[in-house]
Each structure stands twice: as C-alpha cells, then as structure tokens.
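Protein sequences, first through last, are from chains R and S.
1 is the number of the first residue of the first sequence in this note's numbering; add one for each residue after it.
259 is the number of the first residue of the second sequence in this note's numbering; add one for each residue after it.
A couple of the hints might just be wrong.
Short, incomplete list of chain S residues facing chain R, as computed with Cβ under 8 Å [said to hold, decoys possible]:
no. : residue
1   : A348
2   : L386
3   : D389
4   : N470
If you are wondering where the hints come from, they were derived from the structure by calculation, not from laboratory data.
We treat Cβ as the ideally placed atom computed from N, Cα and C, and that holds for glycine.
2 protein chains.
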Amino acid sequence: MSGRLAVVGLGPGDERYLTPEAAAALADAKALYGYGPYLDRLPARAGQSRHPSDNREEAARAADALRHAAQGESVAVVSGGDPGVFAMAAAICEQIAVGPQAWRALDVMFVPGITAMLAVAARIGAPLGHDFCVLSLSDNLKPWPLIERRLDAAAQAGFAIALYNPVSRARPWQFATALERVRRHLPPTIPVIFGRAVGRPDERIAVTTLENAANEPADMATLVIVGTHETRLIERPGRSPLVYTPRTVPRAMVEAIA
Amino acid sequence: MSGRLAVVGLGPGDERYLTPEAAAALADAKALYGYGPYLDRLPARAGQSRHPSDNREEAARAADALRHAAQGESVAVVSGGDPGVFAMAAAICEQIAVGPQAWRALDVMFVPGITAMLAVAARIGAPLGHDFCVLSLSDNLKPWPLIERRLDAAAQAGFAIALYNPVSRARPWQFATALERVRRHLPPTIPVIFGRAVGRPDERIAVTTLENAANEPADMATLVIVGTHETRLIERPGRSPLVYTPRTVPRAMVEAIA
Numbered sequence: 001m002s003g004r005l006a007v008v009g010l011g012p013g014d015e016r017y018l019t020p021e022a023a024a025a026l027a028d029a030k031a032l033y034g035y036g037p038y039l040d041r042l043p044a045r046a047g048q049s050r051h052p053s054d055n056r057e058e059a060a061r062a063a064d065a066l067r068h069a070a071q072g073e074s075v076a077v078v079s080g081g082d083p084g085v086f087a088m089a090a091a092i093c094e095q096i097a098v099g100p101q102a103w104r105a106l107d108v109m110f111v112p113g114i115t116a117m118l119a120v121a122a123r124i125g126a127p128l129g130h131d132f133c134v135l136s137l138s139d140n141l142k143p144w145p146l147i148e149r150r151l152d153a154a155a156q157a158g159f160a161i162a163l164y165n166p167v168s169r170a171r172p173w174q175f176a177t178a179l180e181r182v183r184r185h186l187p188p189t190i191p192v193i194f195g196r197a198v199g200r201p202d203e204r205i206a207v208t209t210l211e212n213a214a215n216e217p218a219d220m221a222t223l224v225i226v227g228t229h230e231t232r233l234i235e236r237p238g239r240s241p242l243v244y245t246p247r248t249v250p251r252a253m254v255e256a257i258a
Numbered sequence: 259m260s261g262r263l264a265v266v267g268l269g270p271g272d273e274r275y276l277t278p279e280a281a282a283a284l285a286d287a288k289a290l291y292g293y294g295p296y297l298d299r300l301p302a303r304a305g306q307s308r309h310p311s312d313n314r315e316e317a318a319r320a321a322d323a324l325r326h327a328a329q330g331e332s333v334a335v336v337s338g339g340d341p342g343v344f345a346m347a348a349a350i351c352e353q354i355a356v357g358p359q360a361w362r363a364l365d366v367m368f369v370p371g372i373t374a375m376l377a378v379a380a381r382i383g384a385p386l387g388h389d390f391c392v393l394s395l396s397d398n399l400k401p402w403p404l405i406e407r408r409l410d411a412a413a414q415a416g417f418a419i420a421l422y423n424p425v426s427r428a429r430p431w432q433f434a435t436a437l438e439r440v441r442r443h444l445p446p447t448i449p450v451i452f453g454r455a456v457g458r459p460d461e462r463i464a465v466t467t468l469e470n471a472a473n474e475p476a477d478m479a480t481l482v483i484v485g486t487h488e489t490r491l492i493e494r495p496g497r498s499p500l501v502y503t504p505r506t507v508p509r510a511m512v513e514a515i516a
C-alpha cells in the first residue's frame, strides 16, 4: 500500500463554502495536517489524528505529511481558500521534487477551494469581472523589487490586482509602498476593496479609494482588490454599494494604456 | 416584497464542486436563468421554472432575470465556474447600473464557485502556485491590441498566465497569435497546460510546451495555463507528471526579468 495525500482547500472558513469533494477528502483522512487555526475550524472525528503547525512552516509541514502518507496512511493537508493559490499545493510539490523517490508513488490529490479573492469579490459585486492579476505581497520568498516590477506591469496594462498577504508583523511597510507604487499609474479615485474572514462572525468588507487605502486596517488574512480605470460603484438606497469592473473596455481606456 | 436575485457559480460542472451555499441558492429559486447547457446539468425541481438562453446573450439574460426578480420573485442566474470571473456577475452589475431604480432595491447575492483555472490547476499540481494573471482571449468586448499589450506585460514580468475563452468559431486565429506573442518573451520549453470539463466524463487535461501549444485542441470551454521560467514538471512512474510553479523565486529569474 502506497499511501494517499489529499491537499484540501477549505474555502474562506464557513462550511457553506466547503465543497462536497473537500468534505469527503477530510472524512477519508486518518491524519490532518495544517496551520493550527485552520484545523480548529474542523469538527473532531474519532480515529483521526491532528498535526497542527505554525504559519511559515509550510515546507516542514509538507514533508511531515508526505512522510506520514508514505507509511501507507490516508493523510490530508488543509489550506484556507484554495491550496493552489499561495498555499500548500506548491509546498507539497516542492517537497516531492526533492524528497525520496517513494513520495512520487503516492496517490496525491489536490482539492480546489473558494480562494479569498473570489469570496471577497462575490461579497461586493464583480470587481474581478475583467482581466486581473494575482500577487502575493510577501517578500519572504521573492525580492521586493520584483514585486514592484509586477505591480507596475499590472497597473500599466490595466489589470485589476488581487493582493494576498498584504501585511504581517514582519512586513510593516510593504503594503503602503505597494499602494504608492500603483498610484504612479492609476488615478487616486480608483476603488480599492478590503475583505477579511468572509462568511465568519468577524467578517469585514470595506470599500475605499486608492488615495485612502493606506489608512485601512489590513493583516495577513486580508485580501485587497485594486480596481482599474473602469471599476465602478453602484450606489443603492439602504444597501451597500456594488463594485464591478465591466466586461467591455471603452475606447478611452484603450488609448490611455496602449 | 422586493425580490431576490442570486448569481450562482456552479463550479466546473460535477456536483462534487458545488458548494453548499450554491446548492441552497439553487433550491431557493423559483426561476433559473442561464446558458442552456449549464441549466441542463441541474436536476429538475417541482415549481421551479427554467429560462435557458444562448451563449453571448449575457446582457439580455441579465436584464430578463432582473426584471423577473423585480416582480417579487426569487430568481437565480447560474454561471459555470465562478460568476465573478468572465461570467454573469459583471453582466448583472452592468444591467443594474443602467436599469430602473427598482433593480437597486433588489436583494442581490453573488455565490462564488470553483473557477476553471483552480479546477485545472488542482488536476495537475500547482501551476498557479506563484503570482499569475488571468486574461480572457475573447476580443468581442475589447480590442485585440489591448490583449497583446496585456500578454506582453504578464510574460515580461514573470507572471503565470491563465487564459479563458482561448478559441471560438468566430475567433479562429487569436489563440495561435497569443501564443506567438508570449513566445517573444518566454523560452519554447515553458510548460503549457490545457484543461477542459474537469470532473465530467469528457474531462481532458494535457501538458505540452509553449512551442507545441498551438497544435493542441482547444475551444471556448478550454482553460489554458502558460507557466513561467520557473514552472517545473515532476515525472512519476506510472502516474501523470505533476506541474508546479515554486513559491520561491531564484536570483537568476529575478535578474532575467528585472
């Protein structure tokens, strides 16, 4: 028996976002690995062990889970959101690439989930309704100048921008610097959306503008969407505004960025 | 009574990807609107009417669904994948923006789903494990030179690229032209993934290289992922290879694109 490893996306946290495929993978596992707070969201199951680890320990967690699965066990590694977007899927692949040959014989399965940008966008309308870029602001694993290069490219070409990991205790200045960077290319009035903990009791969604965005509270769990020249608000009496990026690009925008 | 409209993401098509939130929204609706083949996937329910429409009729479908909801009814509009990614959420917002004031009083809810790029990526590993761009290749709603501008920006800055709507009968040459465009910036050996109908009986996943990608069959329902300099394959005996983009950017890549 060669063992099984499922890399499971939990979505934003609430059960309403957990797909049947993810629920089945969790139920099948004899051992769960993941960031402690993600594991804490899951109901306890008899005969299922839990192996919580800290944030920023992804490589060690991936290797531990692979080693456990290689003993012939059915193991699940959980990610918030989708495992393929700044989460555990790449960490698992990286470990398989450098690990023992036996890890390549494992039955490895990736189970997609609702990633934060989709959940936040759905709460507010359709800010990602046109072309967009997805960028982690963490410079733990890539140099900061490369992040600035990508922010420039995205803003100049008229992509909306979804930013993961905007702020952490170890990275206090990067988010404000990133906002200044995109302001070189975009008007100060462009809508910026902050979303956190979608579907959970502490959910927080805020809409501001690029010029005011640096004043908005943000942390590792916040997802930020910077709109485009074309992103618009629809005011609604007694309801929060809708924010959307139209599917059609008007001629004026083409001329502005071509 | 003001009426309700849910814009619901079905995911890639198989029930295993349908979130509980989406299932509940479908069950609550008295009328379902959507592209015919998407509606055909859903089980019939007593007392629930169906209003199929053709592809490329998104604006009319959105207006019809809003008009129906404004009669005080509970209506759902379905999208394949996620409604916020090149799908019905933006079309609904566009119609609310120009429609009667009463449409702004509706209880409108967007229900996220597993969009094609996440489902395809999960089938193969973690090709979107680092920064990436998401682009529709359809030039029905934006001019082709803008698409080329965005392909240049994405490839030059080292983003992986997820391409929606690569080919249609009315757009026979665009996909090959787009591949030629990114080849100006990327080596011919870069992995390119084709995915279609994930989770359905006719699922097809293929991995090729940038130089051979134009030979691969593709249609409107195909999702294409173009990797980066760093995207790698892990060969596995008796299993399909894994494809992933590492979380870490090596110094050589930074120098190549900075």
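- Checking against the hints above, which ones are violated? 4
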